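Protein chains: 2
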Amino acid sequence: MSKPYKGFEPKWHLEKPPKNSYRSIFKWGDPEFNKVPKETLYKMMKEIFNLTDEDFKDYSEPLGLEEVKFDRPINLPKGFLEKLKEIVGDEMSTTDYDRLSVAYGKTMYDVLRLRQHIVENIPDVVVYPENKEQIEAIVKLCTEFKVPLYVYGGGSSVTRGVECMKGGVSLDMRKNFNKVVDFNEIDQTITVEAGMSGPKLEETLNNAVKLFGAKRAYTCGHFPQSFEYSSVGGWTVTRGAGQNSTYYGKIEDIVIAQEYATPRGIVKTEPFPAKATGPDINQIMMGSEGTFGVLTHVTLKVFRHMPENHYKFSYMFKDWNTAMEAAREIMQCECGRPSVFRLSDPEETDCMMRLYGVDESPIAGMLSSLGYKPHQRCLFLGFTDGEKGFCKNIARNVRKICRKYKALSLTGAVTSAWEKGRFNDPYLRDSMQDFGIMTDTLECSVTWSQMEHVHQLVREYCHSRPNTICMTHMSHCYPQGANLYFIFIARMTTLEEFVDYWTGILDHIQKSGAAISHHHGIGKFFAPWLEGQIGTNQMEIFKVLKNHFDPDNLMNPGGTLGLDLEEKDKKFIRPKW
Amino acid sequence: MSKPYKGFEPKWHLEKPPKNSYRSIFKWGDPEFNKVPKETLYKMMKEIFNLTDEDFKDYSEPLGLEEVKFDRPINLPKGFLEKLKEIVGDEMSTTDYDRLSVAYGKTMYDVLRLRQHIVENIPDVVVYPENKEQIEAIVKLCTEFKVPLYVYGGGSSVTRGVECMKGGVSLDMRKNFNKVVDFNEIDQTITVEAGMSGPKLEETLNNAVKLFGAKRAYTCGHFPQSFEYSSVGGWTVTRGAGQNSTYYGKIEDIVIAQEYATPRGIVKTEPFPAKATGPDINQIMMGSEGTFGVLTHVTLKVFRHMPENHYKFSYMFKDWNTAMEAAREIMQCECGRPSVFRLSDPEETDCMMRLYGVDESPIAGMLSSLGYKPHQRCLFLGFTDGEKGFCKNIARNVRKICRKYKALSLTGAVTSAWEKGRFNDPYLRDSMQDFGIMTDTLECSVTWSQMEHVHQLVREYCHSRPNTICMTHMSHCYPQGANLYFIFIARMTTLEEFVDYWTGILDHIQKSGAAISHHHGIGKFFAPWLEGQIGTNQMEIFKVLKNHFDPDNLMNPGGTLGLDLEEKDKKFIRPKW
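If you read the protein sequences in the order shown, they are chains F and H.
Each residue of the first sequence is one higher than the one before, counting from 8 in our numbering.
Each residue of the second sequence is one higher than the one before, counting from 8 in our numbering.
Okay, chain F solo, but in the shape it has when bound (with noise of 0.2 Å):
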């Protein structure tokens, strides 16, 4: 796995979860598949946290091993649970382990609840739907029943957004539903299933030749950092990005047609690429976030597959400001976009060097010498997608740019060993956490005037913090505007801790002029936030729609989207911009 410490190294737990634990729901990814903290990060975590070997020898936290057990009775409707094996036969359960799998997402928030084995909000039954035929009875069966319905994708959420606060039912859409419904080569479009997980679907698609007897190889053009673990569906519904959306687009982009199951009926919108007939229902659809009824089939445009054009890249830039200014001019200079595009402040470019074991290297004293300094330097890397020509031309442009603003090239090595990390850092989450140090993120949208400022004011807040990391990066980079990323780390260990930290950094976005989120999308742990943002009038649209599709409030109800907050639970930070 990972380079062995030459000192010191702390008791990671490595083993498989038990069968059944609380271990086996928060643990992220592959039950066999652990990553531990290089010895260079575990030095800083030890200087930064005031820590030493000794609090590393054993676990500072419940590690989460035992049998789920917990005594919560189902509360269903008489007859309801009768009716619904009628739809679904046998693919169903009730049993303690498989209501709560499916129950919370993957921010801290969950894994410490799951940690403390606080089981809250779990649904009566867990139903594996086949096909959409299915899902639009168990939509109307629910309907009938007054039974809240919740749905479960990947499960990599971090909004609390399929938590079911109402109890009832939640579809978990991993088993058996994600199939390919359509596969169209004249129109390089794909018609999925929403469960398809983001792996399926690209293996899918990367064999279109054997598959379908395609002319060539595709690619689904979105990979969030949560790829591994995380559905179209959720994608779709949340808004969401994938890495290299600089140059694929966010989902919203990518999606061109939907077909939901809503308790007023189907919703189905045409797989055209543009049209001018009225609103775009698609984009009402998409960012509902399971409010207005279940998304079931998706249809997405598909890419050509051509890895071997991807031109790496990564620069060294004096500082955050300048930095800046060269993303920018890479973004407006109309030369094409970049697919991976990641600027790291100082903070997380001294991580990164740690985490990527430069700083211990020749390297990081030459960087230093050439003026590139710690605290200062700010770490840019990326890479192209698309036509041969028009990659080697953005990398003309891009190393161009950056010459202009003194940037130094690291060629492509640093982006190859981010790739190599890019889909599996969330790993590193558990092991630490077990001793007690935890790791979160936010990100935000923000525009290029408010950038400086949304990225001092967030992170002096972080760093009011005393023994608190705070990294920040720029990714998802627009001619307007660009995503900020804060991801903290910091030892801490109640839920209380964590929650007044997050809901700090989150305050401090919304006051300083960003939109709350770029792509993670609002649950119900960013909804009281969400009036605030987008302001009264506008949310009064959401509750209209809400109203129309779900009168009954039946459809992930309990605060997602802010749909049914009370007033009293709301924030009212009205972000000037």
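The reader is advised that the hints may include incorrect statements.
No copy is singled out in the list; a pair is fine if it fits within one copy or between any two copies.
What the hints assert, rightly or not - Derived DSS-like pairs: lysine-lysine, alpha-carbon spacing no greater than 25 Å straight-line: (1) 222 <-> 407; (2) 222 <-> 413; (3) 275 <-> 518; (4) 153 <-> 90; (5) 217 <-> 518; (6) 411 <-> 222.
Worth flagging that the hints you see were computed from the coordinates, not collected in a lab.
Fair warning: this is a prediction, and the values are worked out from it, not measured in the lab.
Mind docking chain H on chain F? Use the hints.
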């Protein structure tokens, strides 16, 4: 102007329309400018329509030179005009001419009515608002007095979008509501009042250095054929597209924020390039065509102005199917997208060659001898926009793909010829119509896999009418499909004849599986088809929004978007796609 005729030349009406005349309302564009068909085109028309020079010795249609005059009393609630005056002072009018001048758009249906002095559906009063606050007050006033409210932007609607079916107020935005509100060079955005005209916006951006002290010149990237007489507000509420949309996108891709005055209050969206904060309110408001409220401010993305990077190209293909294949390959190869991208079918190609006078030159014969035969060959032309290397790479890929499909390069000269006419071809309409030759267009959105079917079915219908020209081209292209444009030229003189034929074409567009509008919008003319297009459940979403914003149906009422149509007035052709 154009080349003198060698033989007989029709007695074109070239005088500036008399002041306050019907002709001054329906005549396209600049009152001082006219355009007449080249002699070759004139000859062709005689042939096709079985006419002789004799038929062109005098006008067969009313020229509309008379002064506008009618007897339509003003019908407004008591006290309303006084209140209106409190808001806008003298910036309002109740003269016959001013009322009629904002009642019609530019479809042949409008022109025919005006030629025949058919005065229908005019407002009671025309108002020239000066700022957003006045519009907000007017919306409130109309809501209070239950007076219908219409908006007139550039006046180039071909959907009866501006027609005041229920009388009331029409806001004429051209005169006073056309100022720049904010220019933000860092974010590359401009905020303007909705009445801003296309040319004024473009001129402002081209002169950003002088006007705003900007670092460089910018362009709006949006050039519909109606450019010179269109408004930013009209583009936005109808989901318009410019001729350069293949690179710049449709208006819904360019608009980043909007503000509306609705009976329910102000709706304002945020200027973030992307968000995950619920459904996309920008995309809910765009396409509402004035039925939710009045658009006041619009923030648009702007682009670097680099006309020196227009790489022009034109090619001749041997036949339509091959040309379509090539067009699709260009769109799907991910080399970046040309800006103007226009592929004419054989009939349009033949007409264009006449229009540009090529058909009698040696080139025509040469083309034939090389296998590019009349009635089969297809002209493809375009140019690039963007950074130099980006543009060069596109031109290179276009060349490569065109060669692969055996197309013959005609250099950029044909494109230059097309550019000269691109905004003034509409002037031809009036000259020809004075002699009873009518021309109009219908356009639709089509997936690649349906392209051949739609092209064939619709044209079959068009040609079921004898002596009729039907030219077709593809423009506004995407990896998943394109827009198809049907231009018909026919000798017809009555409203009924026009409407019957027009209706038949639209029926066939819808039957064939296309979307009934890619960028003209729906208005009142296309409204009966809309519910068939999008489906009843989807139509319900529009109605719910309408009822929320405008429960008394005062905003552009009388059929717009089919929101207040009776069932009997709807068509229900449900296309298969």
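Structure-based check of each hint:
1. 222 <-> 407: Cα proximity of residue 222 and residue 407: across copies only (19 Å, versus 36 Å in one copy).
2. 222 <-> 413: Between copies only: 21 Å across chains, 44 Å inside a chain, cut-off 25 Å.
3. 275 <-> 518: Between copies only: 18 Å across chains, 38 Å inside a chain, cut-off 25 Å.
4. 153 <-> 90: Within one copy only: 13 Å inside a chain, 50 Å across chains, cut-off 25 Å.
5. 217 <-> 518: neither (52 Å within a copy, 35 Å between copies)
6. 411 <-> 222: between (42 Å within a copy, 16 Å between copies)
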